[in-house]
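Please put together the full structure from these sequences, using the hints given.
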Amino acid sequence: MATDDLTLVKRVRGGDQRAFKLLVERYQRKVYAVALGMLKDKEEAMDVSQEAFVKVYKYLDHFKGDSSFYTWLYRITVNICIDVMRRKGASGGETEEFDESVANDLSEARIGALGSRLGTNPQKSALRRELAEKIQEALAAVPEKHRAILLLREIEGMSYEDLSRTLDIPKGTVMSRLFHARAKVQKILSEYLELDEAKSGVGSE
Amino acid sequence: MTTRMPGALLALALLGLFLLPGAALAQEQKLKVEVEVVLVSRNGSEVSPPQLQKMKETFQRQNFNFTSFKRLSQQSIEVSSKEPTEVKLPNGVNASLKLLRMQGDTATLRVDVPQLSAVDVELGREGAVYQRAGKHVGGELILVLTAPPAK
Amino acid sequence: MAGNPACERFVPLLSPYIDGELSPADRVNVERHLGACRDCAGRAADLRAESALLRVGLEMAVDEVDFKDFTQRVMARVTPERPPLLERLRISLSEMFLYHRTAMVSSLATAAVLALVVIPLVMNQNDAPLGYGADRMRVRAVRASEGAKVAPVVLESDDGNTIIWVVDQDTAPAHDGSATEPKAGTPPDEHDELDGEPLKKGPAKPQPPKGGEL
Numbered sequence: 015m016a017t018d019d020l021t022l023v024k025r026v027r028g029g030d031q032r033a034f035k036l037l038v039e040r041y042q043r044k045v046y047a048v049a050l051g052m053l054k055d056k057e058e059a060m061d062v063s064q065e066a067f068v069k070v071y072k073y074l075d076h077f078k079g080d081s082s083f084y085t086w087l088y089r090i091t092v093n094i095c096i097d098v099m100r101r102k103g104a105s106g107g108e109t110e111e112f113d114e115s116v117a118n119d120l121s122e123a124r125i126g127a128l129g130s131r132l133g134t135n136p137q138k139s140a141l142r143r144e145l146a147e148k149i150q151e152a153l154a155a156v157p158e159k160h161r162a163i164l165l166l167r168e169i170e171g172m173s174y175e176d177l178s179r180t181l182d183i184p185k186g187t188v189m190s191r192l193f194h195a196r197a198k199v200q201k202i203l204s205e206y207l208e209l210d211e212a213k214s215g216v217g218s219e
Numbered sequence: 732m733t734t735r736m737p738g739a740l741l742a743l744a745l746l747g748l749f750l751l752p753g754a755a756l757a758q759e760q761k762l763k764v765e766v767e768v769v770l771v772s773r774n775g776s777e778v779s780p781p782q783l784q785k786m787k788e789t790f791q792r793q794n795f796n797f798t799s800f801k802r803l804s805q806q807s808i809e810v811s812s813k814e815p816t817e818v819k820l821p822n823g824v825n826a827s828l829k830l831l832r833m834q835g836d837t838a839t840l841r842v843d844v845p846q847l848s849a850v851d852v853e854l855g856r857e858g859a860v861y862q863r864a865g866k867h868v869g870g871e872l873i874l875v876l877t878a879p880p881a882k
Numbered sequence: 164m165a166g167n168p169a170c171e172r173f174v175p176l177l178s179p180y181i182d183g184e185l186s187p188a189d190r191v192n193v194e195r196h197l198g199a200c201r202d203c204a205g206r207a208a209d210l211r212a213e214s215a216l217l218r219v220g221l222e223m224a225v226d227e228v229d230f231k232d233f234t235q236r237v238m239a240r241v242t243p244e245r246p247p248l249l250e251r252l253r254i255s256l257s258e259m260f261l262y263h264r265t266a267m268v269s270s271l272a273t274a275a276v277l278a279l280v281v282i283p284l285v286m287n288q289n290d291a292p293l294g295y296g297a298d299r300m301r302v303r304a305v306r307a308s309e310g311a312k313v314a315p316v317v318l319e320s321d322d323g324n325t326i327i328w329v330v331d332q333d334t335a336p337a338h339d340g341s342a343t344e345p346k347a348g349t350p351p352d353e354h355d356e357l358d359g360e361p362l363k364k365g366p367a368k369p370q371p372p373k374g375g376e377l
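Residue numbers (our numbering), protein chains in the order written: chain D, 15 to 219; chain X, 732 to 882; chain L, 164 to 377.
There's no promise every hint is true.
Unchecked claim - Stretch-level coverage of chain D by chain L, calculated; a stretch enters the list once three of its residues show a Cβ under 8 Å from a Cβ in chain L: (1) 28-39; (2) 45-52; (3) 76-83; (4) 95-102; (5) 169-175.
Calculated directly from the structure, the hints in this document are not laboratory data.
Ideal Cβ placement from N, Cα and C applies to all residues, glycine included.
Written out as structure tokens, the structure is:
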């Protein structure tokens with residue numbers, strides 16, 4: 015039923031504004047989610063998301079049909095986010111690559127802390143707002159490029175192939191960055207949960 | 732500044748700009764429009780099909796208090812610059828549609844509902860024109876003009 | 164790295180493993196190891212939980228946002244660019260003729276090239292149905308039918324729709340339509356303004372429909 019992206023893109027090029035509207039509606043939530051994950055700030059994320067679509071529209075003629083529309087859209091989104099962060103001078107964690115100590119952190123962290131507490135499919139209803147905020151905090155601690163990969167993987171479910179194309183990096187880099195980004199986020203989240211559990215334990219007794 | 736010569740050249744340039752599409756245009760032009768006939772009344776609150784909800788909102792926003800919107804017909808018709816195309820309305824009136832001109836890629840259409848009004852509409856992709864087309868069984872007929880769905 | 168020295172080799176593979184991005188051979192190896200190593204099984208579960216947590220957490224944050232105006236705002240920023248293309252060309256052309264007589268010949272050449280390039284482009288836009296070049300429908304002129312004692316009223320709403328209502332001049336107060344007439348509509352006579360934006364309103368008084376503003 016839904017018209018595929020490339021057909022819509024063709025229609026936009028043909029001057030059909032409605033087709034572009036459909037594309038915006040299709041991706042607005044996800045683009046915003048990526049921007050929010052990157053920037054943490056809601057308003058900035060909103061501005062960036064709009065900017066991304068406007069840019070996409072403007073440069074639609076430069077879009078080659080050889081990659082998928084959404085990889086292009088996300089690439090633009092991520093680049094705008096990185097620009098914004100650079101301009102602010104605050105790019106969480108800087109761009110330096112992780113050193114091996116982080117990988118070791120993973121093994122130091124309490125294994126199974128997250129898994130046993132949350133299962134593999136936490137329900138939205140069971141998730142507290144506080145935790146959602148903590149997630150964004152944890153993301154902010156991840157270097158921007160790693161963060162972008164993690165977000166695109168989790169929000170859009172992009173394959174490593176698409177990630178490599180979207181961000182213009184080899185697949186092996188995708189793999190290692192994802193691994194490091196996850197290790198970092200996991201460390202922060204499980205520490206938080208641990209702490210939280212200790213607190214509520216005291217409280218209930 | 733402007734002498735006679737630019738006048739001629741301007742004409743030439745404009746020829747270049749506008750006659751190219753115009754060449755095809757000089758002959759008979761045809762295009763499609765979507766025409767619906769909707770009966771609006773204050774009897775009941777039926778909106779059928781539900782797509783007419785939008786129309787209802789537009790009317791409400793303009794302070795009309797119709798409650799019932801029923802589509803009586805819907806057709807995609809071809810209008811041409813030569814002959815008006817007729818749309819028969821259930822109240823015996825024949826509305827007629829004619830292509831007045833084509834300017835660039837935008838057409839202007841005249842919709843004539845005898846005894847009521849004639850409207851010149853510049854066609855666009857969004858929006859609708861709701862034209863009153865006379866009384867019918869306790870309500871009003873409205874002629875609705877919209878763009879055909881994009882391919 | 165508790166106990167099992169093999170873990171060192173497998174830990175970096177767990178992330179691509181839960182993403183389904185391992186080669187079949189690697190996957191089999193990882194699964195065999197997971198079967199034997201409780202630590203790594205726990206690590207894989209952690210990764211899955213984290214992945215879901217990120218997704219759900221962000222979804223939650225996105226749910227808080229109202230996207231109602233989003234599309235509109237994007238479209239508003241995007242739309243003004245297109246329709247006036249010809250308009251702008253026309254303006255720049257006329258400017259050229261006014262001020263740059265000497266450069267005119269080359270300008271003309273440019274214009275010719277532009278004409279050759281632009282027109283096919285414009286014509287190709289007709290994926291949107293032929294004739295529907297404007298972004299929305301616009302009523303340019305309205306008049307009462309010949310001999311009819313009516314006054315047409317143009318009601319343009321900001322959603323891009325236009326209602327053409329006709330008020331019977333003779334019978335206006337008596338007709339069954341007293342309630343069906345727009346309360347907002349002013350009495351239909353020579354003074355036809357409904358509210359602001361006179362340029363956009365079609366003139367409501369009878370007049371030949373030729374004179375639309377274009």
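Results of checking the hints against the structure:
no., hint, result
1, 28-39, "holds (count 8)"
2, 45-52, "holds (count 4)"
3, 76-83, "violated (count 0)"
4, 95-102, "violated (count 0)"
5, 169-175, "holds (count 3)"
Checked against the numbered hints given earlier, this structure breaks hints 3, 4; the rest are met.
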